[in-house]
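Enquirer: Input sequences plus hints: build the corresponding full structure.
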Amino acid sequence: MGSQGFVFVFTICWILNCLEADNITDTSGIGIVVSLFSPGHLSLISGNPNEMNTTSMSSGKGVLPIQTYYFNTPRAKIVSMASDPRKSALFILDSDSHSIYRMENFNIWVNNSLNIVPIQKGVSKTSAQIAYDWYNEMIYWVDGYYNWIGMQPAFTTDNSMYKIIIHKGLRRPEGIAVDPISGYLFYSDMGKPERIERSSLIGQERTSIITSGVDRVYDITVDQKEHKLYWVDAGRHTLESSDYDGRNRRLLTRMNSVKFTSVVVFGDFVYVTSFTSNTVTKLSKRTGDINLIIVVDDGIPVGAEIWDPSNKSPVSKECPSFGCSHMCVHLPSGPTCVCKDGYTLSTDKKNCVDEKLQRGLLLANSTHVCNMDIRHITALKDEMFCHAANLSGILFMAVDIANQWLFYVDSDNHVLMQYSMIFNATTAITDAGPNVTGFAYDWIDNNILWSTSDILQKGAIRIFSMDRFAHTDLYANLDNPTYVNVNPLNREVYWIEGKGNNYTIKVGALDGSSENVLINNTNLKKPTGLFYHVEKNRLFWINWDSIYSCKTDGSDLTTHLNSISVLFFGVELMVYKDHAIWTHGKSFVMTGSIYRNAAEVKIDTSHYGKLTGMAIYDPELQRYQRGPCEIMNGGCEHVCLPSAAKATCKCDFGFHLDPDNKNCSSDTLIDRFMIIADHTHGRLYQAALSDARIAALDFPDVSKPACVLYNRDTKLVYWVEIESQGSQIKQATITGQNTTILMEAGDVYPDRIAMDYTTGHIYFTAVANDAFQSYVGVLHPQRSVYKKLISQLGTPRAIAVHPSAGYMFWTDHNKNSPHIGRAFMDGSSQRVLLSKDVVWPNGLAIDFKENRLYWADGHLDKIESIDIYGLNRKEVLKVSNQQLVDIDLYGSYLFYTAWNTQKVSKVLINSEGTGTLVDWMPDVPELGRLDSIEIEPGNAQPKNTACLHNNGGCTTFCLPTPTSRTCACEEGVALLADGQTCEISGGAPCSGDLPNGAWSPTCQRLPTENCSYTCHDKYLANPEFPQVTCGREGEWSVPPIFLCQVYVAVEERCPILYPVNHLLNNCQPLVGNECEYACTEGFQKNVTVQKIKCLPTRGWSHDSFEVCKQFEIQVETISSPVKCPDNLPDVLLGPECSRLQDKSCTFSCAKGTVKKDEDITEITCLSNGKWNLDHIPLCTDAPTPVSAKQSSEKKSDSSYTAIAAALAAVIGVVLVIVFVVVFIYCRRKKRSVVGRYESHQNEVNVYCEPQKGIVNLAAETGSGTDSNHYAHMSDI
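Those letters in the sequence shown? Residues 8 to 1283, by the working numbering.
In short, the hints are calculated from the structure, not lab data. Keep in mind the model is a prediction, meaning the values are calculated, not measured. Some hints here could point you the wrong way.
Said to hold, decoys possible - Computed Cβ-Cβ distance ranges for the label pairs, DEER-style:
| id | residue 1 | residue 2 | range |
| --- | --- | --- | --- |
| 1 | R630 | T374 | 31 to 39 Å |
| 2 | N888 | P1136 | 55 to 63 Å |
| 3 | N410 | P1136 | 53 to 61 Å |
| 4 | H1069 | L983 | 35 to 43 Å |
| 5 | A483 | T283 | 54 to 62 Å |
| 6 | N1093 | R630 | 38 to 46 Å |
Beta carbons are placed, not taken as given, at the ideal position from N, Cα and C, and that holds for glycine.
Expert: Following this line, the structure appears as structure tokens:
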């Protein structure tokens, strides 16, 4: 269809839509504003939201008036909104342009001429939120990368009129809400520990109100009339509420896999948006019941705001006349003056005093030092203020904030200098030496440190005392030391040492007493820009083309901003909050968040000259002590909450605080309990069967449990752990000790497990990424070997076994053929037991007395049963919107979990087989997604007689069948002709000798088998090795001589630990004794540790693997030299280019091409045989003029275009006349029809399903392109 035909059809549709809009009568101006991504725009739904529901739309068909408002850039990302309809203002935060804007002259129909004004620039590119204080007319915002909360007048045009009110102790603030009448500010922090806090309107009187059951709270809002707090947690998929003090916490809804991003309260309803489901959902704030779901089709919904002009809330009357020179906030106690950043309140409590220097970035060229607002690193464009001029040879800088001193190296005269930022005066300190390579200031001891390197690249770390005016070499004879940094709080100094391809990062004591390697050459590639981050207590550096970091002990090596080629040119690096700042070439500063993969902002300083130094000015960076929670977590085992100068310890849900007020314990139940796997929070919980009280199991090695199992005989807990690289099956005691990995599945994911209590074998389902590679298997927990039983399954989930009947059952989610399967427990006789009316079969449980199989369907939200032969199907229970997951049976009761509930439900099954819900466990808001349950004692599982004794005569697996049993071997091992014995893979059985003890009767001492043991009287089992493994070569993992040791009172002895073989000179392992020792064969004694001492803690003074080290075998290899290719597109390498590894080459561009970046003058050959910049075009086509022939062709084409344009114009005039006539007619006929936003208005017919309450917004955007119809945000 041509463009004229499209316009005609659009005109007819528009006329019909206008004539049919009889039911649009709203003139109140109330409505919902929804912000959307891709492209960035607003959708506006006029009408009272509380009256929008399925019953208000006659005959199941309703019309919602929708306006669509596009911004002038599709990249706009409006992550948060707030409004003041009294002043026709909508406030928006656009993360793409790093700015908060005020949309003036706004209404729900967007039919006025809008003006968009930036009021805060330089906000980090995060999902930060804003909140509006209508009483004081203040905007608050959280910044998740600066880790602070700011405030500013909402109607100011002064971008500097803001105040950072909270910054200490914040690690990742996200949501924010304000109640100005109660005087409270609420905000969430997603850093460890995750929590929701409350403070005054100026950031004082902070207190944590929600500290457990929190994952990622994106948004918060308040119900000011009822003093209720509402929030959405994207990690827990929940909408929740509580009182203002955190009490009476309540879960309104949980929608699995739906991530809510915003929440707003209006009347009796709560409105939430979700970008994962493209919906705006309306729920009752009393019950959490869903009233309406609006499905958005024209973008990704992120935020929602209620626009209500009828709200006439008053503003403060006292503040305008209170006399504050900057800002006034009316607290419950009365008006209070607040100064903007860089100013302090004077003694009269009204006026503000300039601090001269504000929080910022200090930049130096060789002669000037200038201060740049720190928000420049997040795209603020403002002028720099230069403090010092006409200095000499500035190289490196450091700041003494308390005394306002600036220290620098005068590279022209080789002198250390100090400059007073108060008196504008310079003073020489001491000679620096000819080649200074690093510079730092210790603000606690008032010392200056610098690194030097001579012509032979031998150097030292030097220190100068500003108090004693004396200097000395702290560390000498170093190999080219550079980038010295100091950590005054830890009394440590750090530097890079080395050259060529051999580098290390070192740490030394500030008294010069020791130096050690933190990061060795293996992890370093031409490191530069070492920087110590005092708030994170981490080291950062540029590692060739990435930014790396580690803890100050060298652990937790982390990569940031990976594969950023421009970093190769970085010569100086700083990290402020969560932003990296590095120099690039001679005239640029690059910045980017350490949580992102790319640079975000490029600051052009070419007008300033070559950069020679950088420093951060922020008083908070030069503290004299760490916060109460920053050192060893404040001594708290779980959660440390900073409170003034002390730390307050709290425990996670399910634990209680010990009498020492620091450690946490839980009361482990011994019998009549249920174990619950909480996947969201990485916890295993117990619930008492009597009263449903919950206690946490103290399992340190649980992170993402998917299924849990309990062996009532051995008191061992088994669970499936979901890992990013595949799942594991783990085992531990009920007290969380002796965690063992029984199976690592690699590319498949063990999902659900079930136990055959006859043999102790574990049956499991394993899900693969490739189609029909999933399977059902069996695991031997003592030997950690497994066998595939049923292969080529789709998406298996639940599994249950009936050993006495010889059957196993499983569910399969395969979308083309979901079913419940049955087979013999050896995998034979596989069949589909049930497939009709089965969609998401999840949990399975067997009633062994009645021989009935129960299952839960997560899609149909039904629990049903059938006998184990596939007959006599019954519906047990039907629920709605719960997404059932797992079930278990105990007596006449069935218990189940569901992904959309926060509790375990209990069902009484009557004699007819139907069920009734029983009150047992209330909603527990602190719980997350509950994936699995296991009941102790549960219903007794009848044992299989064929496998009951001596493992049925089988050497590995005894697998029950309805008539007998089948012996089987681990995967890849053959069964011998006798049908019982497995081939021994790799070697003979392990020795049966156990000095002073005996092996467990079930231990067959076969390769890969895990065996337990007992010790004779007067001998004790080694507590470090409750089990040992028989290796494939017939050797025990720990020599048996170490397992049973002579009894000595527990409080007096230390265990002899492998690989220590024995003590010499008849020395006894008693507390206080210091003994010489010998090592086991294959290990060599550490010559630096001649003796080890038994400590009062019943541990040795040295780790056993520290004193006995395994022999290392070194293999020398000879390889060909690495050379890079000479065929880069359009690149001509210089004549001296060898193309060898680590060599740099100059280059030029081929004829007809030019350099894409003139700053790039050379390229370097990497160790992988590739050029460091081969992933970007180095040369590009030179611009060429348009030829005369081309110009002539264009003129010819234009004549045809002119004719077509004339015809289109005639048709267009006719259509415009039709538009005008119909428009006037509609206006006169229905004055209540929503105002048009010219060609970008969308009147949309919205069809809904009354029984489900789902509304689709399938808006078709108008075809006009007049720029006046777009929002103009010149800074986006």
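Enquirer: Hints first: check each against the structure and report whether it holds.
Expert: Verification of the hints:
The beta-carbon spacing between R630 and T374, approximately 32 Å, falls within the hinted interval of 31 to 39 Å. Distance hint for N888 and P1136: a CB-CB separation of about 58 Å, consistent with the stated range 55 to 63 Å. About 56 Å separates the C-beta atoms of N410 and P1136, a value consistent with the hinted range of 53 to 61 Å. The hint said 35 to 43 Å for the Cβ distance between H1069 and L983, and at roughly 41 Å that hint holds.
Checked against the hint of 54 to 62 Å, the C-beta distance between A483 and T283 comes to roughly 60 Å, which is consistent with it. Checking the proposed 38 to 46 Å range against N1093 and R630 shows it holds: the Cβ atoms sit about 40 Å from each other.
Checked against the numbered hints above, the structure breaks none of them.
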